[in-house]
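Novice: Since chain A is already given, all that's left is putting chain B on it; use the hints.
Chains A and B are the protein sequences, given in the same order. Quick note on this note's numbering: the first sequence kicks off at 7 and runs consecutively. Quick note on this note's numbering: the second sequence kicks off at 20 and runs consecutively.
Please note that the accuracy of each hint is not assured.
[What the hints assert, rightly or not] Here chain A is said to cover these stretches of chain B; the calculated rule only asks that three of the stretch's residues, wherever they fall, bring their Cβ under 8 Å from a Cβ of chain A:
#: 1; segment: 42–53
#: 2; segment: 82–90
#: 3; segment: 93–100
#: 4; segment: 104–116
Just so you know, these hints were derived from the structure itself, not from any lab. We treat Cβ as the ideally placed atom computed from N, Cα and C, and that holds for glycine.
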Amino acid sequence: MSRFTDLFMGMLGAAPKKPEKVSERVQKIMFLKYEDKDRYIKEKLHARAHHDVSHKWRNRRWAVLIATNLLFVLSFWLDIQLLEGSLTASRFAGFHLIDLNSALQVMLAHKHIIVNLFIGTFTVFLLWVLLGGRTFCSWVCPYHLVSELTEKLHLMLVDRKIVTDHEFHRGTRTVFWALFALLAIVTGYTVFETLSPTGILSRALIYGPGLALGWVGLLLLFEVFYSRRAWCRYICPIGLTYGAVGSISPLQITYHVEHCFHEGDCRKVCLVPHVLEVTVKGRASEETMGLGPDCTRCGLCVDVCPTGALRFEVKGLSKLL
Amino acid sequence: MSENKPAPAKKPAMSIEKAQKARRKFLHSAGLTGAVIGLSLLGYIPVTSAKTPRLRPPGALNESDFLSSCIKCGQCVQVCPVQAIKLGDLKDGFGVGVPHIDAREQACDFSCDAVQCILACPTGSLTYKKPGFLNIREGALLAAAPILKAKEKDAEPTLNLKERIGVARLARPESCLAVQGKGFKGEARSGSFKGKMRYMDVDRWKPIPVRDHPYDVPLCDLCVRECPVKDAIALKPVKGADGVERMTPVVLEPCVGCGVCEMICPAEPAAIVIDAQATWKEA
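Chain A with its partners taken away, still in its complex shape (with noise of 0.2 Å):
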């Protein structure tokens, strides 16, 4: 199978698997990183030192999310008209933008398509196309930045062994796409949106608040007590959804495997740690890897990258700059 099948299956579930190919190039990267052990540990070591611990990335992109749901809510309120309606569906300065997993559910529900959905549906296809992956998870959903915060609070009673996490199969998160799907063109109701935080945080933030957010609540609580960011790697549809769309997009996080140390630091940061696979000693095949469809372009593992392995880029274009 090729890599980008590999990376396309991981999405909906599957292992990571070991490489059957390594590249001539790697393993003599391998084989040089190794060769001299002490060498290797001092400058380990050296980039442990001299690593500063930046937040750049997470400041941005929290800064990009919060503009963003901002943008919505000061729109209405101040009715300056800029970003109208919520996340599911809105108009930006009048161009019709239309969520993809929302637009897909109401199409398979009412099973009618009108000119101004279909629109909508095209430009942000277009737009997380060119955007990639899940990036719209965790640049612009603001159930991602509240769990995000929550999840902080869940690792903290996993290190006091207060609690412990459990995992599910990440499967589920294609048997939950699969069954929406199914749901919305039997019953003809959008029945994942009753459940969806985005939405209906999105509205709890533009329209007022409602009992609808004490159902986030309690999601917020499962992740806290029970599974780690268990809605966003587990059930959210959104996101399997946006990183198909965003499979084939030109901006991606690469990974270099010649500057790693293979610590794995980002994957302990990493929200989707299955497409940081490639960074377990052994596993890279070629020199610079795109790290796939799942991964939701946050760079929490950029930042804590000591050594400046996992690069933001746009693929075909870091070698013309």
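Specialist: For chain B alone, coordinates are given in the frame of chain A:
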């Protein structure tokens, strides 16, 4: 991360511990799936047991089509000049985030002149013209495009609205001031009432709070006076039980169900109400 399915035969057999772990993970995952799908289907309960239908914004499709086609974005809420449109909450099940109007609190008075909520709707939940495959309920279709009183002298006096969203009904004739032969003086609703309305004699474009527009009428005719649609309601004489001839509001075919009569009615509770999603029946 381990796989759920048993290891292929050629590989060494999975250790008992590992197999148990995989099995537990599979069961947990199946449990999670069942629980989330089960919870999402709870949304059916409010939909099937809805006893009082909700008043939907103008141009709304029939209820079940409306619920299925609404993308819950609230753009209709944003364009409404009197903020008549509210979004459903979790207790509405599949109707969470779906718009409705509480006429007594804030009716649709067509302040926008052009039913802009329909224009704003990206999915056709609110529509000027229903697609052919969706049926039109008998009596929902308006006989003619409703004439907006505020636009009566314009070149295009009608509202682009084909179906009514409800029908007004004199629910409590005994509390109707006109039926009692009484006039009305003062604010139509209590001083704390937040509802707004566009008064043509004040400003055709700017709605003002109802409490800022007091009345002094010898015989209460607020519902007829403020009805935004031409010939939708009229005061007509009736003979009371005591043999005395009195006036009573009579709802006519052009009524679109906007709810202004219900909002403006000074009786508490309102003598005239909107039957949401009701259709026109010849008396």
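Novice: Against the structure shown, which of the earlier numbered hints fail to hold, in ascending order?
Specialist: Violated: none.
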